[in-house]
Structures are given as structure tokens and as C-alpha cells.
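Visitor: These are the residues of each chain, in order.
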Amino acid sequence: MTTILETQQLVKRFAGLTATDKVSFSLQEGHIHALIGPNGAGKSTLIHQLCGNLLPTEGRIIFAGQDITRLAPAARVKLGLGRTFQVTSLLGEFTVRQNIAAAVQVRLGRNLRILDRMTARHDVWEEADELLGRSPLGKRADIVVDDLSHGERKQLELLVSLAGRPKVLLLDEPMAGLGHAESQDMIDVLRDLRGKVTILLVEHDVDAVFALADRISVLVYGRIIMTGNAEEIAASADVREAYLGNEDELC
Amino acid sequence: MRRIFLSFIVVACLAALPFVAPAIGQPALPSLVARVMIYAIAAASLNLALGAGGMVSFGHAAFFGIGNYVVGILYYHHAEGVPLFGFIPGTDQLLITLPVAILVSGLLALVIGALALRTGGVQFIMITLAFAQMLFAFFVSLKTYGGDDGIIVRNANTLFGIGLRDKTAVYFVILAVAVLYFLWLNRVLGSSFGTMLAGIRQNEKRMMSLGIEPFRYKLYAFVLSGMGAGLAGALMAVFMRFVSPDTLAWTKSGELMIMIILGGVGTFVGPILGAAAFTLLQTYLAGWTEHWQLVLGILLLVVVLGTKGGIQGLLARFRGSAA
Numbered sequence: 001m002t003t004i005l006e007t008q009q010l011v012k013r014f015a016g017l018t019a020t021d022k023v024s025f026s027l028q029e030g031h032i033h034a035l036i037g038p039n040g041a042g043k044s045t046l047i048h049q050l051c052g053n054l055l056p057t058e059g060r061i062i063f064a065g066q067d068i069t070r071l072a073p074a075a076r077v078k079l080g081l082g083r084t085f086q087v088t089s090l091l092g093e094f095t096v097r098q099n100i101a102a103a104v105q106v107r108l109g110r111n112l113r114i115l116d117r118m119t120a121r122h123d124v125w126e127e128a129d130e131l132l133g134r135s136p137l138g139k140r141a142d143i144v145v146d147d148l149s150h151g152e153r154k155q156l157e158l159l160v161s162l163a164g165r166p167k168v169l170l171l172d173e174p175m176a177g178l179g180h181a182e183s184q185d186m187i188d189v190l191r192d193l194r195g196k197v198t199i200l201l202v203e204h205d206v207d208a209v210f211a212l213a214d215r216i217s218v219l220v221y222g223r224i225i226m227t228g229n230a231e232e233i234a235a236s237a238d239v240r241e242a243y244l245g246n247e248d249e250l251c
Numbered sequence: 252m253r254r255i256f257l258s259f260i261v262v263a264c265l266a267a268l269p270f271v272a273p274a275i276g277q278p279a280l281p282s283l284v285a286r287v288m289i290y291a292i293a294a295a296s297l298n299l300a301l302g303a304g305g306m307v308s309f310g311h312a313a314f315f316g317i318g319n320y321v322v323g324i325l326y327y328h329h330a331e332g333v334p335l336f337g338f339i340p341g342t343d344q345l346l347i348t349l350p351v352a353i354l355v356s357g358l359l360a361l362v363i364g365a366l367a368l369r370t371g372g373v374q375f376i377m378i379t380l381a382f383a384q385m386l387f388a389f390f391v392s393l394k395t396y397g398g399d400d401g402i403i404v405r406n407a408n409t410l411f412g413i414g415l416r417d418k419t420a421v422y423f424v425i426l427a428v429a430v431l432y433f434l435w436l437n438r439v440l441g442s443s444f445g446t447m448l449a450g451i452r453q454n455e456k457r458m459m460s461l462g463i464e465p466f467r468y469k470l471y472a473f474v475l476s477g478m479g480a481g482l483a484g485a486l487m488a489v490f491m492r493f494v495s496p497d498t499l500a501w502t503k504s505g506e507l508m509i510m511i512i513l514g515g516v517g518t519f520v521g522p523i524l525g526a527a528a529f530t531l532l533q534t535y536l537a538g539w540t541e542h543w544q545l546v547l548g549i550l551l552l553v554v555v556l557g558t559k560g561g562i563q564g565l566l567a568r569f570r571g572s573a574a
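First to last, the protein sequences are chains A and B.
Numbering follows this note's numbering, in which position 214 of the first sequence is assigned residue number 214; successive positions increment by one, without gaps.
Quick note, this note's numbering runs 251 ahead of the 1-based positions in the second sequence.
Derived from the structure by calculation, the hints contain no laboratory data.
From a predicted model like this one, the values you see are computed outputs, not experimental measurements.
One or more of the hints may lead you astray.
Said to hold, decoys possible - Reference listing, derived: stretches of chain A covered by chain B, where coverage requires no fewer than 3 residues with Cβ under 8 Å from a Cβ of chain B:
{"hint": "1", "stretch": "87 to 96"}
{"hint": "2", "stretch": "112 to 118"}
Said to hold, decoys possible - As a list, the in silico DSS-like pairs of lysine-lysine whose alpha-carbon atoms are at most 30 Å apart:
{"hint": "3", "chain 1": "A", "residue 1": "Lys139", "chain 2": "B", "residue 2": "Lys456"}
{"hint": "4", "chain 1": "A", "residue 1": "Lys78", "chain 2": "B", "residue 2": "Lys394"}
{"hint": "5", "chain 1": "A", "residue 1": "Lys167", "chain 2": "B", "residue 2": "Lys559"}
{"hint": "6", "chain 1": "A", "residue 1": "Lys167", "chain 2": "A", "residue 2": "Lys196"}
{"hint": "7", "chain 1": "B", "residue 1": "Lys456", "chain 2": "B", "residue 2": "Lys559"}
{"hint": "8", "chain 1": "B", "residue 1": "Lys456", "chain 2": "A", "residue 2": "Lys22"}
{"hint": "9", "chain 1": "A", "residue 1": "Lys139", "chain 2": "A", "residue 2": "Lys196"}
Even for Gly, the Cβ is constructed at its ideal location relative to N, Cα and C.
Starting from the given sequences, assemble the full structure and let the hints guide the process.
Guide: Given below as C-alpha cells:
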């Protein structure tokens, strides 16, 4: 196992508030690593720093042996750091197929050409169709995104980021707003990705996290209070107290 | 298929017009249509930035006007026999003036775009407007090139030895350029670049997270858009045989914007329909009342409030309800 993404003593302060407090964690290649924590624990702030939308106040982020702390978001994507958004962010007027094709197109490059024909870029469309073929969204390929259901958008969001063939995928609450059956589908899809893509999963749905994650880190008030596998986390009294409050059972 | 067929019919009708017009008692019609075609190029260019790229430029008169002035200034130095800046000879060859106009307006768009695109929203609108107004003030104060009065291009341009003073000759030149321009535009919108641009307009954040640097794409679109407007301005100078600072005024930017709103923002035929509607309305309403702008204003309100997506949107809905 090698470390593919790690943060070293990462600190992010907003006027008076320390949202990320000396966070050091490492993501092992091939793992699904979950990041859990109560609301306001600083999960989103951490994700934003990893993606490059926020610059950390202190500390370093190392991706595949390279310091990416100050790198622009687009440059990180090129290195292989993909992400999905908590609130789905897609191209609303394009169809499902076009959304995936756009992601493939960006990865393959040659996009400043003004006199080629998009319809003639068979490599792009073939790859998009292949991705779609393996997904339940395949039968919805020609539907415009604005007409998709919330669950379908969540699935498409994941497909789009996979189309960029990332080495590491940051998933920001992929289950948020999904019904039970949809969540189950998403868990199945993510389980299929195990070993193919390294995933950092930020998720509220504890069932999903325990079903998927190889390792779990618990973030409370900007600090990682514990990292371990599902049993260790479930057994920890600290986590229970900090994260689950005084409830008796995991919810 | 239907679209290609329809375009052929339109082009054929336009080609037949100079011969048919005198016969049906409308000898002025070809000149009017020539102006429509020129404005269609300008409006479609603005639409490339505004509709396809989501950049609301309120300064496209700068590019239209600079294209206009390139033809005028080159002609002036040709007629006077004095080289521009002492070393650039003037010319009246259309094959030189048009490319130079496109090049100069492209460079101008590169400068303006590189600065303006660092902002967005209202600031972008104001900065593009400010640049256009600066250029307007500059040319109005340039006494060499006529200042307020502009430049009269007495002998028009020539193409392959044919003088473009001849109304039919210049009509066909404009038609040919317009056809080539729209073929080109169609390719651009369907290209890899066009797809990325459409993506950026819909969701810039998404495209960034895919690994796209939106600035480069938007600037490229802005430059292409400026070049198209410059081409239209140059054609206008050749056609009118007159170069006017009015082509640089903010009202011209406004007119171009009104055209694409009338026709349908972000559509391919919208700017063409809008340019036609605006120019025809302007001509006929002005013949009817000097307060033609009042009528135009009301019509614009009706179009904006009453139709979804201008004339193009209205047509699409008629087609939809008929089918």
C-alpha cells in the first residue's frame, strides 16, 4: 500500500474560526477512505482545500508525491484528482451522454479546435457510450439533464467524474438526498469501484460509510480525533460521544 | 436535412433578389437586404460571445466600428497617397481591407477581452461599454479622419478589378461573405471548442472541476466574436462608402443587442431574424413616424415579455404546436 494523497498539519482559519485544525491524514492507494463527522466539523472546508477551491492557511497537501498545496483546481484535475459535488453540478442543457462526453473530451484535449466536428470525434463518443453501457443510466442517455431525477443526477455526477479517469476521487456526500433504494444502488456502484479508483468519501449516511469504507476518519471541530476501520470506529467511546452524542445506537 | 434545404432556398432567393426587385417595383429592396446581411453577421458575432459564451458585451460597437474605420483609413491613405504612420501604404483592395479589418478588430478584442474577462456580470458589461466609448471619443476627436463627420469612401473598394460602387456587385460580395461567415460559424458552434464553450456557459464550476481553464476559452470566443463584428463593420464601410463614428457609439452596441434579443439569444438563426426584423422595422417605421423608436420599444417589450426566446422561440413553438 502506498500513500497517494496526504495532508500535513493542514490549517484553515476563517476570521476567528479554525475550520481545519492541524489535520494530517493519508489516503492509501486503492482504499475507500471515509471522512465522517457531525455538521460543521469542517468536512466541506477540507474537501475544498483538497480540490483547490480554498487555500489552506498553513500546512501542505501532497498528491502522488507532488506538493499541490497552491496548485489551481484545473491543474489538480489534470494530475488525476477528480471530485463530485454535494449539490450536483452538471451541464443542465446537455443530455446525459453529452455530459459524459464533455468530461471525456476535456481529458483527451485538443479542445481549442474551432473547425473540427464534435460529432466526428468517435473516440470521445465511444468512451462515453462504454461508460453509459455499464451504468443504469444507459437507458436515459438522451435525456436532458434538467429533466433527470435527483437520484439520477447523483449517479451522473459520479459517472462524469469517472470519465475524467481520476486516480483519486473526492466524493462529497454522494448519498445526500437519496431515498433508501437509491442509496443502496449508489453503494453498489461505489463498491464496484473499490480497487479501481482511490476514493475519499465524505458522507453523512453512516450505514453507507460502514458498508463501504476500508478506513474511516472522524473529524470533529476541524480535528481528526480518530482513524480506524469500521469496527474500531463503532467501538470507540470517544467517537460515540463526539459524533453520535449520547444516543445509544448508531443511526 | 430540412435545415440545409431551407438554407439553400434562402440563399437562392437572396441571389435572385437584385434581378427580381426592380420587376416587382421595389428597387431599394436589395440595399435594405444587404444591410440586413451585414447586421446579421455583426449580431451573430455578438451572439457568439453573448449567447454561446454567456459574456454580455455591451461594447461590440468597438469592433464593428474599428472594422469600419480600418476600411476608411486604408482608403484615406490610398486616396491621399500618404502612407499611414509613414510606412503603411493605403489600399482599396477588398482582399486586403477585409482581412486587415478582421485582424485589427481581433487584436482589439484580445486586449479588451483579456482585461474585461477578469471580471464578470455587471462589471463586465460596464468595462466593455467603457472601452467602446473610449474608442468612440478617440475617433470623434481625430480630425485627420473627419472627426464627427467620418470619412467618405468616394471610390469604394475594388475586388479583382471590379469596382464595388456597383450596387449589384457589392450586394453579391456581401451575400458571399455572409454565406461563408455563417458556414464558418456553424462549424465553430459544432466544434470541440464550441462544445466546451457551451459547457462553460451552462456551468463554469463544473467545467473547471473537469479540468478546463474557462478564461482561455472565453477569451478565444470573445476574440472570434470581435473579429466577426469587425468584418461586418468593414463590409458596412464598403457598402455605404462612408465611415462614421456612429458605428462606434454605444447605441450601436445596443442595437446589436436588441437584434439578438428580438431574434432569440443563443440560437443560430436568431440573430439573422433579429437583424432582419430590426432593420426592416427601423426603415419602415422611420418612414411612417419620426418617433419610430417608441414603436420599436413597445415591440421589444412584447417580444421579451410575450415570447420565450424571441422570434426564433416563437417560430419553434408554432412548429411544435403544428406537429
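Visitor: Check whether the Cα positions of B/Lys456 and B/Lys559 lie no farther apart than 30 Å.
Guide: Status holds; Cα separation ~26 Å.
Visitor: Okay, the stretch 112 to 118 of chain A and chain B, do three or more residues pass the C-beta test at under 8 Å?
Guide: Result for this restraint: holds, n = 7.
Visitor: Is it true that the CA of B/Lys456 sits at most 30 Å from the CA of A/Lys22?
Guide: holds (28 Å)
Visitor: Would you check the hint for A/Lys139 and B/Lys456, treating anything up to 30 Å between C-alpha atoms as holding?
Guide: Status holds; Cα separation ~27 Å.
Visitor: Are the Cα atoms of A/Lys139 and A/Lys196 separated by 30 Å or less?
Guide: Cα-Cα ~24 Å, so holds.
Visitor: Residue count check for the stretch 87 to 96 of chain A against chain B: does it reach three with CB-CB under 8 Å?
Guide: Check passed, 6 qualifying residues.
Visitor: Do the alpha carbons of A/Lys78 and B/Lys394 lie within 30 Å of each other, as the hint requires?
Guide: Not satisfied, since the Cα-Cα distance of roughly 53 Å exceeds 30 Å.
Visitor: For the pair supplied as a hint, A/Lys167 and B/Lys559, confirm whether the alpha-carbon distance does not exceed 30 Å.
Guide: Distance ~44 Å between A/Lys167 and B/Lys559 Cα, so the pair is violated.
Visitor: Mind checking the alpha carbons of A/Lys167 and A/Lys196 for me, to see if they're no more than 30 Å apart?
Guide: It holds: about 9 Å lies between the C-alpha atoms, which stays within 30 Å.
Checked against the numbered hints given earlier, this structure breaks hints 4, 5; the rest are met.
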